[in-house]
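Participant: Chain by chain, the residues:
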Amino acid sequence: MSDSLAGRLPASPRGAAPARGQQGSSANLADILERVLDKGIVIAGDIQINLLDIELLTIKLRLLVASVDKAKEMGIDWWEHDPSLSSRARPAARERETEAGTVSGAGIGPPPGAGAGAGNEALAEENERLRAELARLRSAAALPGATEAEAPADPSGQEEER
Amino acid sequence: MSTGPNTPAGAPDAGGAGEMSYVYAVGREGPALDGLATRLPGLDGRPLRPVVGGGLCALVSSVSADAFSEQGLTAQMEDLDRLEAVARAHHAVVDAAFAETAVLPMRLATVYLDDFRVAAMLARQRSDFQELLGRLEGHVELGVKVYADPREAAAAAPAGPSAVTPSGAGAGRAYLRRRQAQQRDSQDVYQAASDLAARAAGLAEGVASSRAVHRPQQGQLAARAGVNVTNEAYLVPREDAAGLHRELAALADGAPGVSIEVTGPWAPYSFATAMVAEGVDGGGPR
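Residue numbers (my numbering), protein chains in the order written: chain B, 1 to 162; chain Y, 1 to 286.
Please keep in mind that the hints were generated in silico from the structure rather than gathered at the bench. One should not assume that every hint holds.
[Unchecked claim] Over 10 Å on every C-beta distance to chain Y, these chain B residues come out as not near it, computed from the model:
hint, residue
1, Glu125
2, Glu126
3, Ala132
[Claimed, not checked] Simulated restraints, written as ranges between beta carbons of each label pair:
hint, chain 1, residue 1, chain 2, residue 2, range
4, B, Ala132, Y, Gln71, 53 to 61 Å
5, Y, Ala198, B, Ala122, 45 to 53 Å
6, B, Ala122, Y, Arg173, 43 to 51 Å
7, B, Ala122, Y, Arg124, 56 to 64 Å
8, B, Leu137, Y, Ser127, 56 to 64 Å
9, Y, Asp79, B, Ala122, 43 to 51 Å
10, B, Ala122, Y, Glu205, 49 to 57 Å
11, B, Asn120, Y, Ala181, 52 to 60 Å
No experiment lies behind these values; they were computed from the predicted model shown. Quick reminder that beta carbons are idealized off the backbone N, C-alpha and C, glycines included.
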């Protein structure tokens, strides 16, 4: 086993560090929570509460009361993208999700009606590009269905292809 | 010596009605953790006990099943005073154990139905835990936070002629000028803070074997004045920790409105997660 830490470190390095063993009582609560809540090894206990609720709690505790504008000046704006913290983030996150889902599924089905927003144009473009690509590949491989791939506007057409 | 999977002796209340086993930390089986368990109280002053399995030893104490059921825990965690008590008790055990020997800190509120389940978990995760212990052994975690405080910088700066509020015609323009100057000052402070953060990172990276980036601390729990610009943790060899601590703490000397806070040495909380995530089967349903 290793030596005692207390033996290796000066008890109080010029007042800069809290003396060993005082951490438990004197350390900043925010620092302790930061570590014990969502750091530390994760082994699912029998009660799995720690995996979800504590996550939420951590976020709650970090809820910004002040300094939001100042931090924003620095480009620290993670809460804007965190759905648990910002109501604005929620639609954006969903949009991203739908977008991702649609792009990866392009040519397999129609884009979902939801997800209206700025991302849609780019999305349509991306879809178009992927369809063209698909058509090109199909015709190159002389597969049937190349023409249908041009306009897979409905899922039924899709099923024929498969 | 200590209790084994089949003999949770010295743990009369483990698995009993209404009790569960709360796990603080896991280390290698041996006298260090056994001895500690007899000296140190756990949550709510309940006695600690070592539970061994697979050559590993977990520090465990009993908690009431009601308080640590899903509902009980939610209620406890929403009460900041209670949460603080639990977190500090948890950390006190981890910290004391870490002073004795290499241990892996557990996440807050890791509870098992009884000691048998803890021992089984240890046996199951044996190889991952041993590997992680080996990697983290001899290392400590240092926390490094850089703050910017434009107000402090403004207070420290000499008040120029613009600080005198003229009345009459020029007042509005003077106000705007003053606001602009304030904005510029605060930009300068943030710039200085980023520079400081970069210097700190450079210094620490020469020594540290690993780095973890935490979110900047905000809100009511962030006790310090100013804006937390960066919040990082470094895994450093134990023998280098005190020296690096001093060097980092000295970095901000003389810069108004910019400060650095170095915390630790901590048990390697921030590095136990990242490393196990690769090894263990997904590290749990995260």
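Participant: For each hint, tell me whether it holds in the structure or not.
Facilitator: Okay, the hints, checked on the actual structure:
At the 10 Å boundary, the C-beta of Glu125(B) stays outside the reach of chain Y, the nearest C-beta of that chain being 35 Å off. No Cβ of chain Y approaches the Cβ of Glu126(B) within 10 Å, the least distance being about 30 Å, so the stated non-interface status holds. A cut-off of 10 Å between C-beta atoms confirms that Ala132(B) is not in contact with chain Y; the least separation is 38 Å. Remark: the range hint 53 to 61 Å for Ala132(B) to Gln71(Y) is upheld by a beta-carbon distance near 55 Å.
At about 35 Å, the CB distance of Ala198(Y) to Ala122(B) disagrees with the hint of 45 to 53 Å. For Ala122(B) and Arg173(Y), the hinted distance range of 43 to 51 Å is satisfied, since their beta carbons lie about 45 Å from each other. Range check, Ala122(B) to Arg124(Y): about 47 Å between beta-carbon atoms, so the 56 to 64 Å window is missed. Take Leu137(B) and Ser127(Y): their Cβ atoms lie about 45 Å apart, and the range 56 to 64 Å is violated.
For Asp79(Y) and Ala122(B), the Cβ-Cβ distance of about 47 Å falls inside the hinted range of 43 to 51 Å, so the restraint holds. Look at Ala122(B) against Glu205(Y): about 38 Å separates their beta carbons, and that is not inside 49 to 57 Å. A hinted range of 52 to 60 Å is violated for the C-beta pair Asn120(B) and Ala181(Y), which are about 44 Å apart.
The structure does not agree with the numbered hints 5, 7, 8, 10, 11 stated previously, though it agrees with the rest.
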